Amino acid sequence: MRKHRFLSFVLGVTAFAILLPMAVMVLWSVTGRWSWPNLLPESYTLRTVQELLFGSAKLPQLLFSSIWLAAVVAVLATIVGVMTARATELYTFFGCSAVQAAGFLPLLVPGTVFATGIQLTMIRAGLSDTLLGVVLVHLVVALPYCVTIMADVTAAVGVRHEEQAAVLGASPLRAFFLVTLPQLLPGILSSLSMGFVLSYSQYFTTLMVGGGRIKTLALVLVPYIQSGDRALSSVYATVFVSSALLVFFLLEWAIKRTEKRGETQ
Amino acid sequence: MKLEIKDLSVSLQAQPILRGVSLTVEEGEFVSLLGHSGCGKSTLLKTVAGILPPDGGSILLGGEEITKLPAHRRGTVIVFQDMRLFPHMTAAENVAFPLKMQGVSKAERLRTAEELLEKVQLPGLGQRRMSELSGGQQQRVALARALAAKPKLLLLDEPFSSLDENLREEMRSLVAQLHREFGMTTVLVTHDREEALAMSHRVAVMSAGKILQYDVPEEVYRHPANRTVADYFGDCCYLGGRVENGRFVSELFSCEAALPDGRYDLMLRAGAIRTKQAGALALTVRQIQFRGVDTLVTLEAGNGQRWKCSLRDCPAWSVGETISCDVTLDECVFFSQDNRN
Amino acid sequence: MRKKKWHIAVLLAPFLALTALLLLSVWNVAIQSFGYIPAFGLTEFTTEHYAKVLQDETFLRALGVSLRIALLSAVLSAVLGVLLSAALIRCRKRDGAMLYLVRMPILVPHAVVAVFAINLLSQAGLVARVAAALGLIAEQSQFPQLLFTPDYGGAIAAYLWKEIPFVAYFVLALMFSVSDTLGEAAENLGASPLRSFFSVTLPLTLPAIVKAFLIIFIFAFGGYELPLLLGATVPKALPVQAYLAYMSPNLRDRPYAMAMNGVILLLALAMAALYGVLTRRMLKRMGGRA
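Protein chains in written order, with my numbering: chain A, 19 to 283; chain B, 16 to 356; chain C, 7 to 296.
Fair warning: there could be bad hints in the mix.
Stated by the list, open to error - Restraint ranges, calculated between C-beta atoms of paired labels, are given here:
#  : chain 1 : residue 1 : chain 2 : residue 2 : range
1  : A       : Ser53     : C       : Gln151    : 19 to 25 Å
2  : C       : Ser198    : B       : Ala122    : 37 to 43 Å
3  : C       : Leu142    : A       : Pro59     : 20 to 26 Å
4  : A       : Ala174    : C       : Leu142    : 52 to 58 Å
5  : C       : Lys10     : B       : Ser176    : 39 to 45 Å
6  : A       : Leu150    : C       : Lys58     : 35 to 41 Å
7  : A       : Gly113    : C       : Leu275    : 17 to 23 Å
8  : C       : Gln151    : A       : Leu71     : 32 to 38 Å
9  : A       : Phe34     : C       : Leu275    : 34 to 40 Å
10 : A       : Trp271    : B       : Glu180    : 44 to 50 Å
11 : C       : Leu142    : B       : Ala122    : 53 to 59 Å
12 : B       : Ala213    : C       : Asp186    : 47 to 53 Å
13 : C       : Leu73     : A       : Gly113    : 34 to 40 Å
14 : B       : Ser176    : C       : Leu73     : 51 to 57 Å
Treat the hints as calculated values from the structure; they're not laboratory data.
Note that the coordinates shown come from a computational prediction; the quantities given were computed from them, not determined experimentally.
Glycine included, each C-beta is placed from N, C-alpha and C at the ideal position.
Based on the sequences and whatever the hints tell you, model everything.
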């Protein structure tokens, strides 16, 4: 029983360590004055928040373009994931295991090296400083995660129901879309969530290939942190985290719903 | 050692699974817990082993209270259905594992492991990995590993259900032989009627978290305590009727019955029907299936009830023919309809 | 199993295109680091840039910094993450609010974690204020410098905040399924919970733990934002140093920057190769079963 108490303590410390910095961030974002050595701010203000949301900083546009970019990456990465998983899990072909191994390559090549190495190619192909270029590099970063998630569900779902549908007269495409796709849905939503979060938090790859022309929250936040303005960087960080969490929990909620529906069927 | 379970209740995720179970297993006895899946028999086993905490009641082993003892200090070893062999150890290391936990020296425990592997008829396979053993061999390693722990109480959780029919038979006789040799108190959980009847000194029939009947196999089969128990062993039909003045009367059949007056169901098993003797019961032949060792004949009574009788030498009946049969009353049981359970 | 070749080709096309992009990048790093950049008029293959890099004191110190960050982050995350995972399982918190809480740091971008570190750990941060309130220090300057130091403690702390939960979440499913069956069996055979964990659950969860370790090591080794935002000016972390060289207005510095990237890549791949050898050995010990 003593050990149990120790492990409960571990969980308590963990929860505290996770929540405290987030709470402090939110607090800083509405702080007017917080001088040393006070434990709490002396005054609160919504000025910085107002300034950012309605002022010249164009935070709403920035938020929108960041979400748009991450959503595009999430959807494309998931489509690639579904297609790749289908090939490796449901077909047998020469080089199948090589393809599966190649799926992990982006985990082995650090993002900084990848972005640096690809920049010249991007410039030559006219993709540097373009949305398409940034989408492409983000896709490479998200690839291993989305492919792994989709490979697991694809292998679990298999082709049994699709074959049944084919025997009952469905064309291959219809069999896939009507029978297999709904069963892949929880995996697809997880993959979307993962792809979104990965693209949303990219900094270096966006900087390198977007060249500062493609602006995202991560790109704007870093200079604020370097400038040492806590209130301002905390506001940006709060918006950044809460929007990421919002998207994540929405997708999580959708996953729970589809799983529940799958159970009652 | 003697196991005494007193008024044990267990719930999982706020669902009551066991509701006041009491059971005593004498030292050296072999007892089966028989019931459908979900009746709580595996839960009972895991609670005895200390894997699940009970809500109430107590467990005594060899007269000592063990209800609060952690699993690893109980000496109640389970052979799980999925065997749970450690894949990162060899067969010998698996068998030696409990000895290592008891602090036995390495040489000593490897020697004991080899001995036990011989006892379960796996001599010389000690260095094999789990993936190099067949299902039956893995089962034997699991048994040897349980024996190595020198359990005060051996618990078998449907250990044969994952094996095919031939292997299952082989494993049953191996377990019976090991039980004779080691003589340890053993509780077997199973849903297989024949297995429970054939292997045990006593059988406890469970349903919905309760023990319905606990007796020697012959009694449980011949004199079921209630209809649920009777139904579990199957192939029985019921004839509804009345007892008046010491005589049971139904629309098909009547006989002597030393019972108080009232409405009764007479449980009639196929085995109680004597097809060779003409008697009070008129039955129609519905189906004749020759199966090699015997012939399975489906007989139907006037009220639509059917029995499947296995006959060694079947007379030359034809389907549709009505025959007259006698009934052996000492294999029949009367259930009062007035207080059904 | 199906075999139609054109199906496979169509399904794999986008994956192969993206993989080609990655390989092209690796190829670019390789040839440019050997001094071959025709666009800049450099067409001669030479290993002099590697030689120069390996003799450069700044580079060697940056390499030391990055190895230190990667190694400490990965080792501590793995150990503490496994502890957290075990705690989640033992305290029966495998789902629900606690698990969502543990997943949260995985979703938080690195730049934001830098904000956390500054808010809490700087000399004017909350921890220093708590220390002052407790009477442990009187002045800001008495609080130890945790950020922007050459030992990169701030960056490592920030990585830990993100990666301990990552390890816990990454190994949770496997660890749970092992401890729920084989761990339980070990306890049933007389092993204490602690022994059952170390002799059965931990060795059988090891493949997932080592994989998480590798992912974190490579990530922290090649990471840019956290050492940039929380590290010292001198020495810099390797990716920061490499980016600086890459952005140098003197185009002749380009192969030099690429040689640094080449070293990062080689070390990452060496770690991956080591991982490959180790897992193969582990799998063999487990009798070919994953």
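_Numbers of the earlier hints that this structure fails to satisfy, in rising order_ = Numbers 2 and 12 - these are the hints that the structure violates, sorted from lowest upward.
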